[in-house]
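Which chain is which? The protein sequence lines are S and B, in order. Residue 35 in this note's numbering sits at position 35 of the first sequence, and the numbers go up by one each step. Residue 79 in this note's numbering sits at position 79 of the second sequence, and the numbers go up by one each step.
In case anyone wonders, no lab produced these hints; they're calculated from the structure. Backbone N, C-alpha and C fix where the C-beta goes; we use that ideal spot for every residue, glycine too. Warning: the hint list may mix true and false statements.
Chain B stretches covered by chain S per the calculated footprint, using a threshold of three residues with CB under 8 Å from any CB of chain S [to be verified]: (1) 17-30; (2) 42-53; (3) 58-67; (4) 79-91; (5) 99-112; (6) 117-129.
Beyond 10 Å from chain S on every Cβ pair, some chain B residues (computed) [stated by the list, open to error]: (7) Met1; (8) Ala2; (9) Ser39; (10) Arg132.
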Amino acid sequence: MRAPDTETLLAGHRVHWAPERSASRPIGVLASIGRAVRVLRRERPDLIISAGTGVAVGVFLAARLRRVPAVWLETLNIVDSPGIASRLCSRLATAVLVQRPSLLSVRPRAVLIGELY
Amino acid sequence: MARILVTVGMGPWPFDRLIGAVAPLCSDHEVFAQTGTSSLRPPCPHESFIPADELGKRMDEADVIITHAGNTVRLVQRSGRVPIAVARTSALGEMGNDHQVAYLRQEERSGPVVAVWDVRDLPREVARHGERQARLLEERPLPPAATPEHIVEVMTSLSARLCGGRP
Chain S
1 MRAPDTETLL AGHRVHWAPE RSASRPIGVL ASIGRAVRVL RRERPDLIIS AGTGVAVGVF
61 LAARLRRVPA VWLETLNIVD SPGIASRLCS RLATAVLVQR PSLLSVRPRA VLIGELY
Chain B
1 MARILVTVGM GPWPFDRLIG AVAPLCSDHE VFAQTGTSSL RPPCPHESFI PADELGKRMD
61 EADVIITHAG NTVRLVQRSG RVPIAVARTS ALGEMGNDHQ VAYLRQEERS GPVVAVWDVR
121 DLPREVARHG ERQARLLEER PLPPAATPEH IVEVMTSLSA RLCGGRP
């Protein structure tokens, strides 16, 4: 998503901006898949990493279609029940990273990376 | 008079309840508010969104930081301060779910944070923040952050597994 903070943090990198999508609105998510497939076809990434939010759902579906491994990173402020985007993306992901040891019990296949900041 | 930074994060959800509650602080303090997509505008300097480096500078300069219960809470804590945090709630249309409520409840039990559940309490919390901050910093140490070496190790191992040996 284009915003002043993402623009400055990603300055100097090649970026494809995409609008935010609500994971609870399937039409918007479906519309975002085509865009994501085109980006993956053009960029041919070896690995995708995302912490969301809704815009990631279409990307993770496209990653499945293109057979690109995708890693879901659970944000630090998820302490129990995650939102829809998190639930969908962690199911679609090839691997899941968590920042809290307590989440390993509810995300058995997750890898603990620790607090990133 | 305190220098106060108010931030509601960079996401798409408005937080008019918090921005509206800032008004009483503006007459007594030097307040800057980052308002996001909120429709209300406080009677003090404000911007919808600001670059990350400007936000960091404003955090460094502030005496008190009032934030939504997002990841900014940890950023403020890592800077050695105690944030005053207000959780977005789904029932008020401030977010799609209540994970900020769950996060702030947990952080309130054990972390260095001042949780505000009724925004009318903000002026009182600001007035006594210096004393509470000192006590919370002494009593509630933060868990350590992952080291850069550990992050590189985890990501190298994971990418090797997922990418068929490619680094």
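* Run the structure past the numbered hints and jot down the numbers of the failing ones, going up. => As far as the earlier hints go, 1, 3, 4, 6 are violated by this structure, in ascending order.
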